[in-house]
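Q: In case you want the letters, here they are:
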Amino acid sequence: MNDIMFFDAQCQIGVPMLGGDRGGRSAAELLAEMDRNGVDKALVAHGNTEAAGAVFANADLLELIQADDAAGRLTGVWTILPAQCGELPPPAELFARMAANRIGALNLFPVAHRWQACRLTVGRLLDAAAERRVPVILSPPVMDGAWRGVYDFLREFPAATVIVAKLGLWGSDRNIRPLLENFPGCYVELSEYWVPEGIADLARRYGADRLLYASGYPRFGHGSTMLSIRHSGLPLEQVRQIAGQNLERLLARAQLA
Amino acid sequence: MNRSVWEQPGSLAEAFWKNGAADIPIYDMHGHMGSHNAIFFARCEAPEMVAHMRRLGVRRLVFSHHYSLMGSFRNARVHEITARFPDILRMYVSINPHQPDFIAEDLAQYDRLAPLAIGFKFLPDYHKVKVTDPRYEAALNFASARRLPILVHTWGGSAFNGADVMLEAATRYPQATFFMGHSFSGDWDGAKRVAEACPNVYFELTSLPGQHTVIERLCADIGSHRLLFGTDMPWFDEYQHVGGVLSADISEDDKHNILYRNVEKLLGKDW
Ligand SMILES: [Zn+2]
Numbered sequence: 004m005n006d007i008m009f010f011d012a013q014c015q016i017g018v019p020m021l022g023g024d025r026g027g028r029s030a031a032e033l034l035a036e037m038d039r040n041g042v043d044k045a046l047v048a049h050g051n052t053e054a055a056g057a058v059f060a061n062a063d064l065l066e067l068i069q070a071d072d073a074a075g076r077l078t079g080v081w082t083i084l085p086a087q088c089g090e091l092p093p094p095a096e097l098f099a100r101m102a103a104n105r106i107g108a109l110n111l112f113p114v115a116h117r118w119q120a121c122r123l124t125v126g127r128l129l130d131a132a133a134e135r136r137v138p139v140i141l142s143p144p145v146m147d148g149a150w151r152g153v154y155d156f157l158r159e160f161p162a163a164t165v166i167v168a169k170l171g172l173w174g175s176d177r178n179i180r181p182l183l184e185n186f187p188g189c190y191v192e193l194s195e196y197w198v199p200e201g202i203a204d205l206a207r208r209y210g211a212d213r214l215l216y217a218s219g220y221p222r223f224g225h226g227s228t229m230l231s232i233r234h235s236g237l238p239l240e241q242v243r244q245i246a247g248q249n250l251e252r253l254l255a256r257a258q259l260a
Numbered sequence: 007m008n009r010s011v012w013e014q015p016g017s018l019a020e021a022f023w024k025n026g027a028a029d030i031p032i033y034d035m036h037g038h039m040g041s042h043n044a045i046f047f048a049r050c051e052a053p054e055m056v057a058h059m060r061r062l063g064v065r066r067l068v069f070s071h072h073y074s075l076m077g078s079f080r081n082a083r084v085h086e087i088t089a090r091f092p093d094i095l096r097m098y099v100s101i102n103p104h105q106p107d108f109i110a111e112d113l114a115q116y117d118r119l120a121p122l123a124i125g126f127k128f129l130p131d132y133h134k135v136k137v138t139d140p141r142y143e144a145a146l147n148f149a150s151a152r153r154l155p156i157l158v159h160t161w162g163g164s165a166f167n168g169a170d171v172m173l174e175a176a177t178r179y180p181q182a183t184f185f186m187g188h189s190f191s192g193d194w195d196g197a198k199r200v201a202e203a204c205p206n207v208y209f210e211l212t213s214l215p216g217q218h219t220v221i222e223r224l225c226a227d228i229g230s231h232r233l234l235f236g237t238d239m240p241w242f243d244e245y246q247h248v249g250g251v252l253s254a255d256i257s258e259d260d261k262h263n264i265l266y267r268n269v270e271k272l273l274g275k276d277w
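Line order of the protein sequences matches chains A and B.
Just so you know, the first sequence maps onto residues 4 to 260 in my numbering.
Just so you know, the second sequence maps onto residues 7 to 277 in my numbering.
Bound conformation, chain A alone (with noise of 0.2 Å):
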């Protein structure tokens, strides 16, 4: 938009295992529909990693966007595995990988994946992205025990950048207050936050910095959530750094070279 820089924290392209998607199959769609709505930029992941696994998705979601984002408006977001089985390279050559392919951030998907989120499995990595800053998406949908999920790997990694992510349409300030509160690096996409006037209650209660302007596409579309945050009621500063400036900011902080 003209008057206000909107970066999509939350969205996927790829071809879904099961089919009945509602678009992104390529990065073409979901620039065009970013273009229809007015959305400059994405932190796009992987829609099929799930199913396909990390390695796939890993790999395909850099072909998907290098085919298509001419004007590098999109960041990619990597998946990670246990450490123990090499099937990815160490920290520092991970992030360095990242570095060169416009890879902002990581995921995770443990029960999909069949391994456990904990200091056993990627403690150094994680660590290691604590210390450099390098955001992680987390969301209840994929974590083991959904909620309790996320609560145990914020308690294993209290110092990570965080990232929660599909936070379910039943509105869920009982499961993201107490983290906001307790965790600094704790930041939630509103994608699925859909209170009444509830993104002016959170910013005021825990800062407007930790909010996330996000579309959820290709289930959800990119508008909904535009109109609701650039009219939460918040100064037009605060909806700016929503709307796009914190997720520049946490990407641009992050070190991963």
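Hint data in this document are derived by calculation from the structure and do not stem from the laboratory.
Here the structure is a predicted model, which means the values were calculated and not measured.
No residue lacks a Cβ here, since even glycine has one placed at the ideal position from N, Cα and C.
One or more hints might be untrue.
Unchecked claim - Just some of the chain B residues that point at chain A, by a computed CB distance under 10 Å:
1) Trp23
2) Arg49
3) Cys50
4) Arg60
5) Thr177
6) Arg178
7) Val220
To be verified - Partial chain A-side listing against chain B, Cβ under 8 Å, derived:
8) Gln87
9) Cys88
10) His234
To be verified - To be clear about the criterion: a stretch of chain A counts as covered by chain B if any three or more of its residues have a C-beta under 8 Å from a C-beta of chain B, and this derived list gives those stretches:
11) 99 to 111
12) 148 to 155
13) 172 to 178
14) 192 to 199
Starting from the known structure of chain A, arrange chain B with the ligand on it as the hints suggest.
A: Positioned in the frame of chain A, the structure of chain B with the ligand alone reads:
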């Protein structure tokens, strides 16, 4: 870069983007009130809800109270709350099929609850009773005799309020007007089937605005002239839901139909 949906000159989207409101009324046909067992609502009482809705020009919210649907709060008390904000609130009389004495009392006093009460609200998935069960008959017969609307919670695949059972109910009671809450969420083929078979049915959109391509599909399959706007207020933010309608890839006429025209055709402007 082409102009975005929010920058189309003279459009509803442009007005809402710039001013947070437009020169149209909004009729929110699906609301609730009161706290909830599973969700923290900071703004679930009438004054806070009304303040939120006034920001973007909601002309009417028709609601059923959580405590009447899930607890034993009587509809007469909901009427007292409604009467405190008569310029914006209207109510549905909540029907709990497990409480036949409550239903009998509400039907007997319906003329005192109207005109602030405009019809009934059924919540079959939660009450675990099929809409075609005899326990709903008294309310259905009453609505049918008086041609009242009934907002029914519907959901794709549900044995209590899915497309098959709602098709049966709407066919059996052609004089009643059914508002299919959530438009059979997920079962878009079922929604189309009900739309084709039952002229006395409208499709209400709560939880769908913002879901990519869903409103587009309902407009194409059913037609925007049969869609009604709703938010489950205080569940969902009015700006989020209005934003989902305005940013959908549908015509300007479709947006006008959804937000107010269909309701005004059905119920008039003065109710
Ligand atoms: Zn409802």
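Q: Give a verdict on every hint.
A: Checked hints:
1. Trp23: Interface hint status for B/Trp23: holds (6 Å vs cutoff 10 Å).
2. Arg49: With a minimum Cβ separation of about 6 Å from chain A (threshold 10 Å), the hint on B/Arg49 holds.
3. Cys50: Holds - the Cβ of B/Cys50 comes within 10 Å of chain A, reaching about 9 Å at its closest.
4. Arg60: This hint is violated: B/Arg60 lies away from chain A, its Cβ roughly 12 Å from the closest one there, beyond 10 Å.
5. Thr177: It is violated, given that the least Cβ distance between B/Thr177 and chain A is near 30 Å, above 10 Å.
6. Arg178: With a closest approach of 32 Å, the B/Arg178 hint is violated.
7. Val220: Given a least distance of 8 Å, the restraint on B/Val220 holds.
8. Gln87: Violated - the Cβ of A/Gln87 stays beyond 8 Å from chain B, reaching only about 39 Å at its closest.
9. Cys88: violated, 36 Å
10. His234: Status holds, d = 4 Å.
11. 99 to 111: With 0 residues close enough to chain B, the hint is violated.
12. 148 to 155: violated (count 0)
13. 172 to 178: Our answer is that it holds, as 5 residues pass the Cβ test (under 8 Å) against chain B, meeting three.
14. 192 to 199: holds (count 3)
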